[in-house]
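Turn these sequences into a full structure, and let the hints steer you where they fit.
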Amino acid sequence: MSLDTDNRTPADSVAAPAIQDNAAKARLKSVLRLTGFRTLGAAGVLWAVATLAFFAMRLVPGDPVDALLGGPGNNATEEVRQQTRELNGLNAPMLVQYGAYLGKLVTGDLGDSYQLREPVAHVLGEQLGNTLVLAVLALATAWVLALGLALWSARGGKAATLVGNLLEVVSAAVPHFWLGSLLILVFSVRLQWLPATSGAPGVEGLILPVLTLAVPLAGFLGQVMRESMLTAMNSPFAISSRARGESEVSLSLRHALRHAALPGIGLSGWAMGSLISGAVVVETVFARPGIGRTLLQSVLVRDVPVVLGVVVLVAAIYILVTLLSDLAERLADPRLRAA
Amino acid sequence: MSQPTTTPFTDNEPVIKVRDLRIAFGSKTRSTPTVHGIDFEIHAGECLAIVGESGSGKSVTARTLIGLTGANAVIQAQTLQLRGKDLRRNSDRAWRKVRGADIGYVLQDALVSLDPLRPIGREIADSLRIHTKLSAAARTNTVLGLLEAVGIPEPEQRINQRSGELSGGLRQRALIAAAIALDPALLIADEPTTALDATVQQQILDLLAERKAAGTSLLLISHDLAVVGQLADRIAVMRQGEIVETGPTAQVLGNPQHEYTQRLLRAVPTDKPRGTRLAPARAGISVRQHALIGADRAADATREHAGPVLVAESLRKTYRNPDGSPRVAVHDVSFALNRGQTLGIVGESGSGKSTVARMALGLTAPESGEVKLLGNPWSTLLEKQRRPQRRHITSIYQDPLGSFDPQWDVARILADALPDSRALPAAERRDEVIRLLETVGLDASMESRLPLRLSGGQRQRIAIARALAPGPEVIICDEPVSALDVSIQAQVLDLLDELQSEFKLSYLFISHDLGVVQHISDEIVVMEAGRVVEAGRTAEVFANPAEDYTKKLLSAAPRLYPTPTGGKA
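Just so you know, the protein sequences line up as chains A and B, in that order.
Note that this note's numbering gives residue 293 to position 293 of the first sequence, counting from 1, and the numbers run on in steps of one.
Note that this note's numbering gives residue 555 to position 555 of the second sequence, counting from 1, and the numbers run on in steps of one.
What the hints contain is simulated information worked out from the structure, not anything from laboratory work.
Every residue, glycine too, gets a C-beta built ideally from N, C-alpha and C.
A hint or two may mislead.
[As the list claims (entries may be wrong)] Restricting the straight-line Cα-Cα distance to at most 25 Å, the calculated cross-link-like pairs of lysine to any residue (SDA-like) are: (1) 25(A) to 44(A); (2) 29(A) to 328(B); (3) 158(A) to 92(B); (4) 384(B) to 365(B); (5) 158(A) to 26(B).
[Claimed, not checked] Listed next, with one range per pair, are the computed distances between beta-carbon atoms: (6) 169(A) to 112(B): 40 to 46 Å; (7) 95(B) to 31(A): 43 to 49 Å; (8) 552(B) to 324(A): 49 to 55 Å; (9) 427(B) to 335(A): 49 to 55 Å; (10) 29(A) to 552(B): 33 to 39 Å; (11) 367(B) to 26(A): 23 to 29 Å; (12) 152(A) to 407(B): 21 to 27 Å; (13) 52(A) to 403(B): 43 to 49 Å; (14) 420(B) to 152(A): 33 to 39 Å; (15) 215(B) to 25(A): 43 to 49 Å; (16) 363(B) to 29(A): 27 to 33 Å.
What follows is the structure, given as structure tokens:
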């Protein structure tokens, strides 16, 4: 059979690219619309987060002046304390303070840390990298573990399904602080393979904290992925594919894997948020620098600007990652693009 | 199309030969025999149709020929040969060599048999990738040729589209293209036209006939004798795992020997005039003569209304496409349904017939135009005013299961539909439910069943009983038998007929199946792309279609007797 491309009318050849062009335009339009809506929503969410955090910090007992004067238990006189309040605008009515805070926030100024005496943006900038490395590595590890588990247990029959299910449920239910302590006990104290703290640069220090964050997430992702992988492997299109002579391995890699990955992509935005909150625990357990540990220390000494800065920053990261995961989901699933 | 793996087939041996094939499912200790020793063979360029109803074992038989019966199946056969080669001891690897290369398989459920995440070009190229050493570019070229061969327009664009972007007919063509990519000696098509519109169905049958003419052996699996009639050379009628009758198509259709074959043939509604019974009356259970409570109450002033019970005047409805552009779903549609009669609305998917049904039910407001019920305003009312009148008009759908609460048993489903059911004492309510069950030919013991535990035919009977419960004048039937086997369809159509004459019901009967519409309707309306293209008395329209579209539809309706272009018998 030969392909006649010559006997097409000119109208045909003009019309076809035009249709494609229109489809591409419509697709771009829908992505832009999504991004636009999201940007507006993001601004609203950031405002709400900043406001809530601001007033929540006022409700916490204790006096922020202590933080300014070197922490609780300082020996400053009442006169000095009063002066410090005046200098930092802590005597103004709360709404005025709130207005000033929002005004600075809009221009990107997060204020100065009470305790460290340097701009909050600077403090967070130093710590953010550490936490992001931890979270991204944990997410990647969780994906590999979850997909591997899903692939193995979806193909292995009843026993593998049972084992897979059990592994997933148990690991999804394990709390970070417990898992972290257990890993330290086994691999640092008993076996002495890996360091218990990860303050020093180097890969060894990262392995245990990353695993601590990744394992519970892998259990969670694995459950969702295995479910959609099983559905895909039993669907009519999989039977069609087998009827073409496709092997089971090839079927799971070429067809089922993509179907399994879809819900994982959708959940990854949420997962990133939960990883950063998990980092508070993990960074403390492993004495690792990062915004999680910074947050905990700042709350303890009531370093209000740093706490507010962390909250707003984490909210912004969460919004960004959710948007990215939505876009990635649309990229991976052509059915979402049409809608 | 020349394929490297094809060997010329010259001898007189059948392409596939099956003797005493037995299939059972289950473990060693507890197995359920499903197929009890069947024989058949197919020669090159010949088409055998295995016809039977759901559960007859026909699809399982087809799957066994490609070794995909399932892990828990036990297969025994005296002979299972493909071109003289024994398939019985095939390893997994050996089966994979057969699948796609020697035997092409077109699965039922065309709509979901392609991976929604992959372009159809990749799906079709899979067989080439697996069985040949062709380069990627050569595969693409072959796929383009295949797309053209199965009649898919604009192959260069389609090759990159996914199944979600294609219509049902195009998906089925793509599946066939994938199955014939390596020009297999045997092509198995399992219900290849189910769920497709009549004209599309015809095109798919033509496409399969082309393959047959090119020398491919065809195994056609279907529940519908009318569909296979024009393509098959021989027909094997299968029931409960046994072939009860087999022979040349003309003989099986023209002079059926077995009682079951006769029953199947009788069930085909096409060309059977109104009022002809399609199924034998079932002993023991028959429609009882009695008045239902709802029917009693309906005998008020509204029943005396003389004109048409349901009138649509110039209905129009526009929907928005995803990109915001308007799409006219229904354009200037008018009709009148008379008391005790059936008005059939026939059209293909997307013709707007279901939108018309929704407007008739008062679920969707027409943009302009009006629906009148029993001579009174209907579509213009507020829902609050409409609600007390709703018992005059009820509905039956294609998928009754989706319209039942799965947690409710049959008694509760039916009691819920009774007028003022909460005011009725429990004992009276139960009597009413049992009367409804008997009215639709079901046993009173059904009342405690859950919908999931009912067969397709029983579910549709329950749906009919529910539609009868309020004592309606008009029942909107939206594809009520499209999901049913032919013989069950026949029973349901007979039931609708009986109920109509007993309760003076009027049906608005919507279907894509011309045979069904022809059998049940007094008048028909033919719709295409939201417009009425032709309307009139059913017999006249079928005898003398005035419009081209109607003629096209009619010629595509599956008929029992082989057309001149069909089987060689």
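A quick look at each hint next to the structure:
no. : hint                         : in the structure
1   : 25(A) to 44(A)               : violated (29 Å)
2   : 29(A) to 328(B)              : holds (24 Å)
3   : 158(A) to 92(B)              : holds (20 Å)
4   : 384(B) to 365(B)             : holds (14 Å)
5   : 158(A) to 26(B)              : holds (15 Å)
6   : 169(A) to 112(B): 40 to 46 Å : violated (31 Å)
7   : 95(B) to 31(A): 43 to 49 Å   : holds (45 Å)
8   : 552(B) to 324(A): 49 to 55 Å : holds (51 Å)
9   : 427(B) to 335(A): 49 to 55 Å : holds (52 Å)
10  : 29(A) to 552(B): 33 to 39 Å  : holds (38 Å)
11  : 367(B) to 26(A): 23 to 29 Å  : holds (25 Å)
12  : 152(A) to 407(B): 21 to 27 Å : violated (37 Å)
13  : 52(A) to 403(B): 43 to 49 Å  : holds (46 Å)
14  : 420(B) to 152(A): 33 to 39 Å : violated (59 Å)
15  : 215(B) to 25(A): 43 to 49 Å  : holds (47 Å)
16  : 363(B) to 29(A): 27 to 33 Å  : holds (32 Å)
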